[in-house]
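Go ahead and model the full structure; you've got the sequences and the hints to work with.
Each residue of the sequence shown is one higher than the last, beginning at 1 in UniProt numbering.
Warning: the hint list may mix true and false statements.
Unchecked claim - Capping the alpha-carbon separation at 25 Å, the derived lysine to any residue pairs in SDA-like fashion look like this: (1) K193 to I212; (2) K355 to S314; (3) K319 to D248; (4) K350 to E401; (5) K347 to C273; (6) K146 to N116; (7) K355 to F35; (8) K19 to A56; (9) K111 to F155.
Simulated from the structure, these hints should not be mistaken for laboratory data.
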Amino acid sequence: MEIQPLASFGDHVPLSQFKPDDTISTLAFSSDGQFLASGDQAGRVVVFRLNGHVTANSKPTVSFVTQVHAHKAQFDYFRSELSEMKVNSLKWVQRQSLNPLLLSCNSHDAKLWSFNASPKVVWNPYNAPQTLDEFVFPTARQCDTKYTSECVRTFTDIQTEYIVDLQCLPDQRSFLMVDVSCVKLWDIERDVKSVCLCKVSQQEPEITTSAIHNMYTSAFLIGDDYGVCRILDMRQQAEDLTPSIEVDTSLHTSRSQQMEGCDSIGSVVFSPCGNYFAVRRFGDVQVWDVRQPSAPSAKLDVQWFPGQMEWLVSDDYVKDQFRTAFTPNGKIVTGCYSADFVAWDHKSGKTTRHKAVSTRTPRPPPEPGRDFSKRVTVCEAHPNQEIVAVVSTAALFVFYEAP
1 MEIQPLASFG DHVPLSQFKP DDTISTLAFS SDGQFLASGD QAGRVVVFRL NGHVTANSKP
61 TVSFVTQVHA HKAQFDYFRS ELSEMKVNSL KWVQRQSLNP LLLSCNSHDA KLWSFNASPK
121 VVWNPYNAPQ TLDEFVFPTA RQCDTKYTSE CVRTFTDIQT EYIVDLQCLP DQRSFLMVDV
181 SCVKLWDIER DVKSVCLCKV SQQEPEITTS AIHNMYTSAF LIGDDYGVCR ILDMRQQAED
241 LTPSIEVDTS LHTSRSQQME GCDSIGSVVF SPCGNYFAVR RFGDVQVWDV RQPSAPSAKL
301 DVQWFPGQME WLVSDDYVKD QFRTAFTPNG KIVTGCYSAD FVAWDHKSGK TTRHKAVSTR
361 TPRPPPEPGR DFSKRVTVCE AHPNQEIVAV VSTAALFVFY EAP
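Put into structure tokens, the structure is as follows:
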């Protein structure tokens, strides 16, 4: 995958001076690819807009739209604890509208945001004085669209432990709230009680991530802290679903990466065709075929630090999430520590490594050493163009593949 830089934001600050709250934790493209939203650990959501398409003679532009402080640290009296500001997940509601809707969540609640569009027209100056016969209406010089944000609704209940992910359903009326201990179905429009689709006991490993099937949207995938992935189908029954497919990724680890405590799943994603899903763990990416789930169809070792794994496990670095994406042509894009990210064609086995560094950076960042605070945290792919958004700690980079 030969990519070229398209745009970058937040890369003017050197990595040595960044603040932990500025770390971007999640990204989300809208279903039509027109908008890109980012959320950080300070609870801020920033929305960008992509204008144009990738062609042989042109490339799109990326512009800032608006920013909203979506989540703040608030004391929860039911749990007697302070909620986190960090934005854990962002998902656009799949509808064609002038005013797009966005779902965001932190550790304790989810919010529905409406971005209302209002045109702003700049007119050419009026030439005065003019006689009645010479009068000409001023012409528009520039027409922009400004967006204002509004929190439409908040979703929460006292049973929520810690929200890790959201998944919007294509019916445009409901979404899944993925908690460490359960998955609940919520209605966006009506004020009705949520439905618990599946629940794990306190003795079972916590849910860490999720994905929804691209073709059969009644099916969703969850991954847990012990490396087990389960596909569940909402058509099965109303509540307490049982897995249709269950795979244990820890049984297919390379010998060099077999170590207790390194099996937590940080990201799962379905392929565009829906026949495969990718599982990202700390050290590798596994691709599974839903038609033959007995073993992974492909596997790539991404990173491993032999002399430092014991303290990485003790400090929970092995549970860092590296959000992974499938591009429209089926390539997998995932991040690593430092400023590296990988594009992998799991069918041909071809792998290319890239760096998310700015042209304004005098030199690439050094290898991690014992500083594992800097990494490519999130990779997100455009739904229908070969455009990839990559987060390197607190900076956002957008790349494209020329046709």
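### Message
Hint compliance check: list the failing hint numbers for this structure, sorted ascending.
### Response
Numbers 2 and 8, in rising order.
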